[in-house]
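Peer 1: Sequence:
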Amino acid sequence: MAYGDNIDEGYSEGEEHLHFYYNQEERLKRAPKIVQDYYSGEFKLNKGFRVLVANRGNRFILIVLVLCLIMVGFTSLFASFDKGKIENLNFTLSAFSFEEEIYVSLKVNSAKRKSFPVNSNAENSSDAKKSGTEIPVKVDFSCFDADKQLIFTKTIEGIFSGEELYIRTKFSDYDILSVRSDVEALERKCTLTSTVQRK
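If you read the sequence shown in numbering that gives the first Met the number 0, its first letter stands for residue 0, the second for the next number, and so on.
Some hints here could point you the wrong way.
What the hints assert, rightly or not - Calculated cross-link-like contacts (lysine to any residue; reagent style SDA-like; alpha-carbon spacing at most 25 Å):
1) K147 - D174
2) K28 - S39
3) K82 - L61
4) K111 - S93
5) K111 - K147
6) K43 - L66
7) K84 - D174
8) K106 - K137
9) K137 - S104
10) K137 - K198
11) K153 - E183
12) K84 - L191
13) K82 - E12
14) K82 - Q148
15) K137 - N108
16) K169 - K111
17) K106 - E186
18) K84 - F73
19) K188 - Y173
20) K198 - K46
21) K137 - L164
22) K46 - R26
23) K153 - L191
24) K188 - T168
25) K188 - K198
26) K137 - S93
27) K137 - Q148
Said to hold, decoys possible - Label pairs and their calculated CB-CB ranges:
28) N45 - F73: 54 to 62 Å
29) E163 - F73: 26 to 34 Å
30) D172 - N45: 40 to 48 Å
31) R58 - L149: 42 to 50 Å
32) L76 - E163: 46 to 54 Å
33) Q196 - K153: 51 to 59 Å
34) K198 - A53: 52 to 60 Å
It should be emphasised that the hints constitute simulated quantities derived from the structure, not laboratory data. Heads up, the beta-carbon is just placed ideally off N, CA and C, and yes, glycines get one too.
Just need the whole structure built from these sequences, with the hints factored in.
Peer 2: The structure is reproduced here in C-alpha coordinates:
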(Lines of atoms letter the chains of each structure in order from A; the text may use other names.)
(Lines give C-alpha, C1' and ligand atoms only; values in the text may rest on other atoms or scores of the structure.)
Protein backbone atom coordinates (compact mmCIF):
# COMPACT_ATOMS: atom_id res chain seq x y z
CA MET A 0 0.00 0.00 0.00
CA ALA A 1 1.44 3.35 -1.05
CA TYR A 2 1.40 6.47 1.02
CA GLY A 3 -1.86 8.42 0.59
CA ASP A 4 -3.97 5.59 -0.86
CA ASN A 5 -6.60 5.80 1.85
CA ILE A 6 -6.56 9.59 2.29
CA ASP A 7 -9.57 11.48 0.98
CA GLU A 8 -8.74 15.03 0.00
CA GLY A 9 -11.12 17.89 -0.64
CA TYR A 10 -14.07 16.67 1.41
CA SER A 11 -15.27 17.68 4.85
CA GLU A 12 -16.02 15.08 7.48
CA GLY A 13 -19.44 13.64 6.96
CA GLU A 14 -19.84 15.11 3.43
CA GLU A 15 -20.97 12.68 0.74
CA HIS A 16 -18.45 11.99 -1.98
CA LEU A 17 -19.37 12.83 -5.58
CA HIS A 18 -19.42 9.90 -7.95
CA PHE A 19 -19.02 10.32 -11.68
CA TYR A 20 -20.51 7.71 -13.94
CA TYR A 21 -19.33 7.56 -17.54
CA ASN A 22 -21.14 5.49 -20.09
CA GLN A 23 -19.66 5.82 -23.56
CA GLU A 24 -22.61 4.19 -25.33
CA GLU A 25 -25.07 6.64 -23.78
CA ARG A 26 -22.87 9.56 -24.70
CA LEU A 27 -22.48 8.38 -28.32
CA LYS A 28 -26.27 8.08 -28.73
CA ARG A 29 -26.57 11.86 -28.33
CA ALA A 30 -23.39 12.68 -30.32
CA PRO A 31 -23.42 14.04 -33.91
CA LYS A 32 -23.30 11.53 -36.76
CA ILE A 33 -19.67 12.30 -37.62
CA VAL A 34 -18.62 11.38 -34.04
CA GLN A 35 -20.71 8.19 -34.13
CA ASP A 36 -19.12 7.24 -37.47
CA TYR A 37 -15.66 7.92 -36.08
CA TYR A 38 -16.13 5.61 -33.07
CA SER A 39 -17.78 2.89 -35.16
CA GLY A 40 -14.91 2.96 -37.70
CA GLU A 41 -17.08 4.05 -40.66
CA PHE A 42 -15.60 7.56 -40.78
CA LYS A 43 -13.21 8.04 -43.71
CA LEU A 44 -11.06 11.13 -43.82
CA ASN A 45 -10.87 12.84 -47.22
CA LYS A 46 -7.32 12.96 -48.50
CA GLY A 47 -5.60 14.61 -51.45
CA PHE A 48 -7.73 16.34 -54.06
CA ARG A 49 -11.01 15.20 -52.45
CA VAL A 50 -10.43 17.65 -49.59
CA LEU A 51 -10.49 20.55 -52.06
CA VAL A 52 -13.91 19.57 -53.46
CA ALA A 53 -15.46 18.07 -50.31
CA ASN A 54 -17.90 20.94 -49.70
CA ARG A 55 -19.05 24.19 -51.25
CA GLY A 56 -16.62 26.42 -49.33
CA ASN A 57 -13.62 24.35 -50.35
CA ARG A 58 -14.72 24.32 -54.00
CA PHE A 59 -15.05 28.12 -53.95
CA ILE A 60 -11.54 28.54 -52.52
CA LEU A 61 -10.17 26.13 -55.14
CA ILE A 62 -11.77 28.12 -57.97
CA VAL A 63 -10.39 31.41 -56.58
CA LEU A 64 -6.89 29.91 -56.31
CA VAL A 65 -6.99 28.61 -59.86
CA LEU A 66 -8.16 31.98 -61.20
CA CYS A 67 -5.41 33.80 -59.28
CA LEU A 68 -2.77 31.43 -60.65
CA ILE A 69 -4.04 31.95 -64.20
CA MET A 70 -3.96 35.75 -63.80
CA VAL A 71 -0.44 35.73 -62.33
CA GLY A 72 0.81 33.43 -65.09
CA PHE A 73 -0.86 35.50 -67.81
CA THR A 74 0.55 38.80 -66.55
CA SER A 75 4.04 37.41 -66.01
CA LEU A 76 4.16 35.86 -69.49
CA PHE A 77 2.69 38.73 -71.45
CA ALA A 78 3.67 41.78 -69.39
CA SER A 79 6.28 43.90 -71.07
CA PHE A 80 8.04 46.47 -68.93
CA ASP A 81 10.13 47.84 -71.79
CA LYS A 82 7.06 49.15 -73.65
CA GLY A 83 4.69 51.95 -72.75
CA LYS A 84 2.08 54.27 -74.16
CA ILE A 85 0.96 57.85 -73.66
CA GLU A 86 -2.20 58.59 -75.61
CA ASN A 87 -1.24 57.73 -79.24
CA LEU A 88 2.51 57.60 -78.63
CA ASN A 89 4.21 54.23 -78.27
CA PHE A 90 7.55 53.94 -76.46
CA THR A 91 10.01 51.04 -76.58
CA LEU A 92 13.18 50.97 -74.47
CA SER A 93 16.17 48.80 -75.33
CA ALA A 94 19.68 48.53 -73.90
CA PHE A 95 22.70 46.47 -74.95
CA SER A 96 26.39 46.35 -74.25
CA PHE A 97 29.18 46.54 -76.79
CA GLU A 98 32.78 46.43 -75.65
CA GLU A 99 32.92 48.64 -72.53
CA GLU A 100 29.87 50.78 -73.42
CA ILE A 101 26.16 50.43 -72.66
CA TYR A 102 23.97 51.73 -75.48
CA VAL A 103 20.42 52.79 -74.61
CA SER A 104 17.72 53.61 -77.13
CA LEU A 105 14.15 54.83 -76.72
CA LYS A 106 11.98 54.43 -79.80
CA VAL A 107 8.99 56.76 -80.11
CA ASN A 108 6.33 56.18 -82.76
CA SER A 109 2.67 56.88 -83.36
CA ALA A 110 0.06 54.23 -82.63
CA LYS A 111 -2.29 55.72 -85.23
CA ARG A 112 -1.78 58.00 -88.17
CA LYS A 113 -3.37 61.00 -86.55
CA SER A 114 -2.31 64.60 -86.17
CA PHE A 115 -1.16 65.61 -82.72
CA PRO A 116 -1.64 68.98 -81.06
CA VAL A 117 0.88 71.57 -82.10
CA ASN A 118 3.26 72.83 -79.43
CA SER A 119 2.83 76.60 -79.26
CA ASN A 120 6.34 77.03 -77.79
CA ALA A 121 8.06 75.42 -80.77
CA GLU A 122 10.92 77.32 -82.36
CA ASN A 123 9.68 76.86 -85.91
CA SER A 124 5.96 77.32 -85.41
CA SER A 125 5.37 77.73 -89.15
CA ASP A 126 6.97 74.30 -89.85
CA ALA A 127 4.98 72.77 -87.03
CA LYS A 128 1.75 74.13 -88.42
CA LYS A 129 2.58 72.73 -91.85
CA SER A 130 3.22 69.23 -90.52
CA GLY A 131 0.46 69.39 -87.91
CA THR A 132 2.54 67.57 -85.29
CA GLU A 133 5.28 68.49 -82.88
CA ILE A 134 5.46 66.96 -79.43
CA PRO A 135 8.32 67.53 -77.02
CA VAL A 136 9.49 64.33 -75.35
CA LYS A 137 11.65 64.42 -72.22
CA VAL A 138 13.43 61.26 -71.04
CA ASP A 139 15.28 60.70 -67.75
CA PHE A 140 17.53 57.63 -68.09
CA SER A 141 18.62 55.91 -64.86
CA CYS A 142 21.15 53.06 -64.77
CA PHE A 143 21.33 50.41 -62.04
CA ASP A 144 23.88 47.77 -61.07
CA ALA A 145 23.37 44.21 -59.75
CA ASP A 146 22.54 45.54 -56.26
CA LYS A 147 19.84 47.84 -57.70
CA GLN A 148 21.98 50.85 -56.81
CA LEU A 149 21.67 53.94 -59.00
CA ILE A 150 24.89 54.49 -60.97
CA PHE A 151 24.14 57.15 -63.60
CA THR A 152 21.31 59.46 -64.62
CA LYS A 153 20.97 61.46 -67.80
CA THR A 154 18.17 63.67 -69.18
CA ILE A 155 17.62 64.01 -72.92
CA GLU A 156 14.90 65.87 -74.80
CA GLY A 157 13.61 65.30 -78.30
CA ILE A 158 10.78 66.42 -80.57
CA PHE A 159 8.38 63.91 -82.06
CA SER A 160 7.12 65.17 -85.40
CA GLY A 161 4.94 62.27 -86.54
CA GLU A 162 7.70 59.96 -87.79
CA GLU A 163 9.70 57.49 -85.73
CA LEU A 164 12.00 59.17 -83.24
CA TYR A 165 14.99 57.50 -81.58
CA ILE A 166 16.42 59.02 -78.44
CA ARG A 167 19.80 57.42 -77.86
CA THR A 168 22.59 57.68 -75.35
CA LYS A 169 25.48 55.61 -74.02
CA PHE A 170 27.09 54.99 -70.66
CA SER A 171 30.68 53.98 -70.00
CA ASP A 172 30.24 51.43 -67.25
CA TYR A 173 30.09 47.70 -67.81
CA ASP A 174 28.51 47.07 -64.37
CA ILE A 175 25.12 48.40 -65.50
CA LEU A 176 22.54 45.59 -65.57
CA SER A 177 19.28 47.49 -66.05
CA VAL A 178 18.07 50.84 -67.33
CA ARG A 179 14.95 52.75 -66.38
CA SER A 180 13.54 55.61 -68.42
CA ASP A 181 10.98 58.09 -67.11
CA VAL A 182 9.27 59.50 -70.19
CA GLU A 183 7.28 62.73 -70.17
CA ALA A 184 5.14 63.78 -73.14
CA LEU A 185 1.78 65.50 -73.62
CA GLU A 186 1.88 66.46 -69.91
CA ARG A 187 1.80 62.79 -68.90
CA LYS A 188 4.45 60.35 -67.70
CA CYS A 189 5.28 56.67 -68.04
CA THR A 190 8.15 54.53 -66.77
CA LEU A 191 9.92 51.81 -68.75
CA THR A 192 12.59 49.37 -67.64
CA SER A 193 14.91 47.14 -69.64
CA THR A 194 17.69 44.74 -68.79
CA VAL A 195 20.99 45.20 -70.59
CA GLN A 196 21.57 42.55 -73.24
CA ARG A 197 25.18 41.38 -73.39
CA LYS A 198 26.65 41.04 -76.89
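Peer 1: Take the hints in turn and mark each one as holding or not.
Peer 2: Hints, verified against the model:
no.: 1; hint: K147 - D174; in the structure: holds (11 Å)
no.: 2; hint: K28 - S39; in the structure: holds (12 Å)
no.: 3; hint: K82 - L61; in the structure: violated (34 Å)
no.: 4; hint: K111 - S93; in the structure: holds (22 Å)
no.: 5; hint: K111 - K147; in the structure: violated (36 Å)
no.: 6; hint: K43 - L66; in the structure: violated (30 Å)
no.: 7; hint: K84 - D174; in the structure: violated (29 Å)
no.: 8; hint: K106 - K137; in the structure: holds (13 Å)
no.: 9; hint: K137 - S104; in the structure: holds (13 Å)
no.: 10; hint: K137 - K198; in the structure: violated (28 Å)
no.: 11; hint: K153 - E183; in the structure: holds (14 Å)
no.: 12; hint: K84 - L191; in the structure: holds (10 Å)
no.: 13; hint: K82 - E12; in the structure: violated (91 Å)
no.: 14; hint: K82 - Q148; in the structure: holds (23 Å)
no.: 15; hint: K137 - N108; in the structure: holds (14 Å)
no.: 16; hint: K169 - K111; in the structure: violated (30 Å)
no.: 17; hint: K106 - E186; in the structure: holds (19 Å)
no.: 18; hint: K84 - F73; in the structure: holds (20 Å)
no.: 19; hint: K188 - Y173; in the structure: violated (29 Å)
no.: 20; hint: K198 - K46; in the structure: violated (52 Å)
no.: 21; hint: K137 - L164; in the structure: holds (12 Å)
no.: 22; hint: K46 - R26; in the structure: violated (29 Å)
no.: 23; hint: K153 - L191; in the structure: holds (15 Å)
no.: 24; hint: K188 - T168; in the structure: holds (20 Å)
no.: 25; hint: K188 - K198; in the structure: violated (31 Å)
no.: 26; hint: K137 - S93; in the structure: holds (17 Å)
no.: 27; hint: K137 - Q148; in the structure: holds (23 Å)
no.: 28; hint: N45 - F73: 54 to 62 Å; in the structure: violated (31 Å)
no.: 29; hint: E163 - F73: 26 to 34 Å; in the structure: holds (30 Å)
no.: 30; hint: D172 - N45: 40 to 48 Å; in the structure: violated (59 Å)
no.: 31; hint: R58 - L149: 42 to 50 Å; in the structure: holds (49 Å)
no.: 32; hint: L76 - E163: 46 to 54 Å; in the structure: violated (28 Å)
no.: 33; hint: Q196 - K153: 51 to 59 Å; in the structure: violated (19 Å)
no.: 34; hint: K198 - A53: 52 to 60 Å; in the structure: holds (56 Å)
In this structure, the hints that do not hold are numbers 3, 5, 6, 7, 10, 13, 16, 19, 20, 22, 25, 28, 30, 32 and 33, in rising order.
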